[in-house]
Structures are given as C-alpha cells and as structure tokens.
Amino acid sequence: MSMQSAILPHAGARTLNADALHADARRETFGLLALLSPGLLLVFAVIIVPIGWLFWLSLFDETGSLSASNYARFFQQPSYIKTFLTTFKVAFAVTGACVVLGYPLAYMLSQLPRRAASICLILVILPFWTSVLVRTYAWLVILQRKGLINSWLIDLGVISQPLPLANNFAGVIIGMTHIMLPFLVLPLYASMKTIDIDCLRAGMNLGASPAATFRQIFFPLSLPGLASGVVIVFVLCLGFFVTPALMGGGKVIMWAMRIEQTTSLYSNWGAGAALGVVLLAVTLALLGLFQWLLGARATGVWSSR
Amino acid sequence: MTKLLCIKSLAVAGLLASVAVPASAADTITAASWGGTYQEAETKAFFDPTAKELGITIKQDTTNGLDDVRLQVTGNAVKWDITELGADECARGSKEGLFEKLDYSVIDKSGINPKLVHDDWVGISYTSVVLIYRTDVFGDKGPKTWADFWDVEKFPGRRALSGSQATETLSVAALAKGIPIDKVYPVDIDGALQSVDKVKGHIDAWWTSGAQAMQLVKDGEVDMASIWNGRAGTLRKEGAPVSFSFDQGVLTADCMVIPKGSKNKDLAMKALAKFVSPDLQANLPLYVDNGPANEKAFETGKIPPERIKDINSAPDNVKKQVLQDPEFWRDTLVEATEKFNNLIQQ
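These protein sequences, in sequence, are chains A and B.
Its first residue numbered 1, the first sequence is counted upward by one per residue in the numbering used here.
Its first residue numbered 1001, the second sequence is counted upward by one per residue in the numbering used here.
Treat the hints with care, since some could be wrong.
[Claimed, not checked] In silico BS3-like cross-links for lysine-lysine, where the CA-CA straight-line distance does not exceed 27 Å: (1) A:Lys82 with B:Lys1200; (2) B:Lys1260 with B:Lys1270; (3) B:Lys1339 with A:Lys89; (4) A:Lys146 with B:Lys1200.
[Said to hold, decoys possible] In silico negatives: residues of chain B with every beta carbon more than 12 Å from chain A: (5) Leu1054; (6) Lys1265; (7) Thr1300.
Everything labelled a hint here was simulated from the structure, so no lab data went into it.
It should be emphasised that the depicted structure is a prediction, and the values quoted were computed from it without experimental measurement.
Don't be surprised by glycine CBs; every beta carbon is placed ideally from N, CA and C.
Pulled out of the complex, with its shape left as it was, chain A reads as follows (with noise of 0.2 Å):
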C-alpha cells in the first residue's frame, strides 16, 4: 500500500510529463518539417513534377491519344531489347571492373600514411576535373588500331596484328571504367577510414593469421562502403552517353543512346518517355535488390559495431 501510494503519484507525474514530452517532440518535428519544406519543395518541383510529367507524356502516341503503343514498341522491335539487355551487360562489366581495381585502391590508400594517401587521392580524383568528352576521346588515341597501345605492342613484336581494343565493347569498358572508378574508390575509402585499427589488433592478438583478419574483420566492416560504391556506379553507368557513343564504334548502342535516337525519330516526345520510364522503373527495382541483398548485410555490420 504504501508502495502503491509511492509509486502511483510517480506515475502520474509522468503521464503528465509524457503529455509535455509528447507535444514538445511534436514541435520539433513541425519545426524541423517547417525547415524541411524548402527542400522537400524543391525536390517535389524540379523531381517529382518532371517524373510525373515524363509518366504522362509517355502514354500518348503521336496523335495525342491515350495509347499504350509506346511502350509495345519495345516488345515489336527487337532492336530495344538488344539495348537494353546491352546497356545492363555494360553497367555490370564496368561495375566489376571497378570493384576489382579500386577495392585493391582503396585499400592502399587507407593504409598509407595520411601525407601519402592524400596526394594519391588527389590523384584519383584529378581526372573529375577533365571533361568526360576529352578524357573518351584521350582513351580513343590511346586504343584505336593506330594508337599508342597497338603501335607500341607491334614495335615491340608483341603482336603483328592491332589488338581491337577500340570501337567495340572491351573499349567501351575500358573507358567507363575508368571515368567511374573515383565514384567507387572515395565512398570506399571514406568507409574503410572509419575502421577502427584495434579491432584487427584485437583479431591479430587472438591468434588470427593476417589474411583471416582481413577475410573476417575488415572485409565485411569495408562492405557498407563497397555496397553504396557499387550502387552509385551501377546506376550511374545505365545512363552513361558520351563514352559508350565515342568508344563503342556505334556498335555498343546503350539505353541512353537509343533515348536520344527515339526521340529524334518520332514526332511525340512520349516515344522517348517511354523509355526513360521503363529505365527508371527497372533501376528503381534493381536499386530495391540491391538495398535487399547488400543493404541488409550493411546495415548489420554497422548495428554490431
């Protein structure tokens, strides 16, 4: 009883002091809502109007009536498939090719001492600051049967004929690799920054080898880093132009490309928005796997920690 009595004004004080509590939080949230708005306007008029608007425009045929005939288009002409399967084929391929030499990179960098790894990384992003145009077009002088590449190999003997190294897929690769290499390699880096040394000393004093350190702690403390890298390079690469258009020797006809190619051809613009829609919701899908595959795994690296 006489803990009753204790306990029960207690806990009407703090009813009453949730009441206080719960529309203080609501203040704040209405206020920083209020501080939102300009953004979330902004976002809604220059993002989702456009997208929107895009959506509409996509379901209208040249005679300005409601039709689904641009999106058949896709089905009918087989040329749209073959793009667009090619366009995943390259964001893939540049995607590996990117995880495979900028994991190493990366890893280097965070290891260096920090004088060192500043200078590399400024070399890594030293090439953010030359058009892409002129870099596509340094890797065409580079690789076309006449380039440095070829000519070098056959002075040399290596070869007696030029490798095709430009003009078809291994030079679209090439250069997209390395225009997205820094968009891997800096989130990576920023994240493998973050890992805190004494959990490898840790692992290394409980007897693991180097390589089982690695393997077991820093790898999957690296992933977050690695997974948001893959991502802003994948979906990065399904709208690539210049490269693929310059290096692919009109043979590498990626989903961009054929946009651009669609809406010259056809005298409603919903020819074109229809693909943009279609690239948007597959990316937007693939984005959710993604989030599904890699996000998950993150995400619990990061709540272990």
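Once you have looked at the hints, place chain B on chain A.
Below, chain B without anything else, positioned relative to chain A:
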C-alpha cells in the same frame, strides 16, 4: 540661351534614343542554324549581306533540329524567325504543321530544284554523302563505287558507314546493289536492308556524327567510309592521305523554314528571299564545301571556274549523284529506321 538649347537638344536626343530602341527591335530577326564552320560561312554568305541590304539586325542561334522547332511551336515560345533543318525534317515538320506558309511572290524560287520548293519550306544548300578511302592503303586503286565498298574480297579493309543516318546508309546500300542513280528513289527499303545485311559483318564502326566519321578515317581506324563531303574536304585540306569523288554520291538538302508563330514573319520572308537569291547563294561555296541550292548561283560568275568542279551541287556533279527525296523519307523514315536499327544494333 545656347546652353539651354544644348540641354534641350540633348534631352530630345535621349528621347529619340529611347524611342529608337523598340523601333530597332522590330527590325531584328533571329536565325538559327547548325553552328560551327557551316554557320560561320552562312554568316558571311547570307546573314551579313542580307542584314546590310535590308538595314536590319540578324541575331543568331544554333539548333539541334526539328525537336527544337517542335518544342518552341508547341510550347508557344517561338524565339526564331528563320531556322535551318535537314530536308526530311522539313518534310516531317510540314506534315505536323510547324511552319508558316512561304510567300513565293516575295521569294523567287526559280533555279531551285522543284523537289525542294514547298508551301512552307525551301531548300538552302546541299551536303553529299561520298565514299572516301585511304590512299596509303589502296593507292589510287581504291573502291570507287558502293558495289566496290560492298565487295569485301576485292577490297579487303576496315569499313565504316553511318549508323545514325539510316536514310543515307539505305540509299548507298541500294546503289551497292547496282541500282542506277535515277532509279534509287523510291528506295526499295527491304531490298536495301538485305544489302546492308550482306555487309554489316564487315563494318567496323557505325558512325553517329560527322566528327566521328572524320576521326575514324583520319586516324586510320578504317580504310574506307561513307562521309559527308564537307568533312571529306577538310580531311583533304589537312593533308590526310584520302581520296573521294562525287560519283554515286547521295545529295541531301538542307532547307529553311519560318517557325509557326514567328513574330517577325514578314521580315523573315524578305530575309529568306535574299538567302535563296542566286547572288547570295553564290557566296556560300566561297566559304564552305556545301553547295548552293539555287543552281542559278553558278551563272552569277562569282564562283571561280576551278572552284565549281569541287562543289557538290554544280550541274556536272549533280548528274553523278542521287538526290535524296525528302517526301519519301517523311512517310517511311520511322519504319525504315526501326528496321535498320534492328539490323545493326545487337
């Protein structure tokens, strides 16, 4: 007193100046073209002399083609009074009703091929698609006809054709089948596609821009290619080891239109009349390799005789070439291009 007069006259001058601004705005038209060296040539050949003669200002802009015009007209924001387009774009835009009617009592159409004179568009210049080959590979015994280009045994080597201009590639594919130049149009599209199918395994690059075609040939990435004559001429001037001729070339025209809703329609009409007049048309080949659309330009005596043989629209050269029919492509472009893409994009 004199001081007062001075101030007064200054004020009047100021007033006049402020009145003069809107007055001169009415005497300004905006013309859009493709930019680059071609538009610079047009500026010297057409725009500057017309502006001087009519006492107007011609502002310039660049266009990406029919999409831009459609966007302006359907969006009710027409900012150009005259714009250049490819002839098949003119034919398509005309069908969509994007252009103002032209007044042929103002514009003198004599000397322009009737195929390029229409209610709402008129030809302005010609580009040719020609066969170019590298002389360091073939000497002077290179492929001379499109049938040679298709003959991969007699002329081994790397090849490029246009992948973005289906109309031009289908025209040369028809020529490759041995169809005489006056029988190419109307193009038998399925026959031309079969012809493309025969050679496509030997095509090392399908170019998508004039600059790309030029780069492919210049760097020796391909040994022969289809290319626009302006680009081919530039390669020759730069000293690249190349040879080309107008034999079996495909003449494609450019045209000019007044976008529907132009605010200075009447003035644009007068300017356009000047642009297509033989006198100004004769200026164009003095600055660029695109030939004049008005054949009377060759009778003005302005073009040196040794230059005439290098101009694609000179009467002797026209005879060797196929004139691409814009109205044919207006009706078949979409279907033909989709089929062409199905064939080459994989």
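Of the hints stated earlier, which fail here?
none
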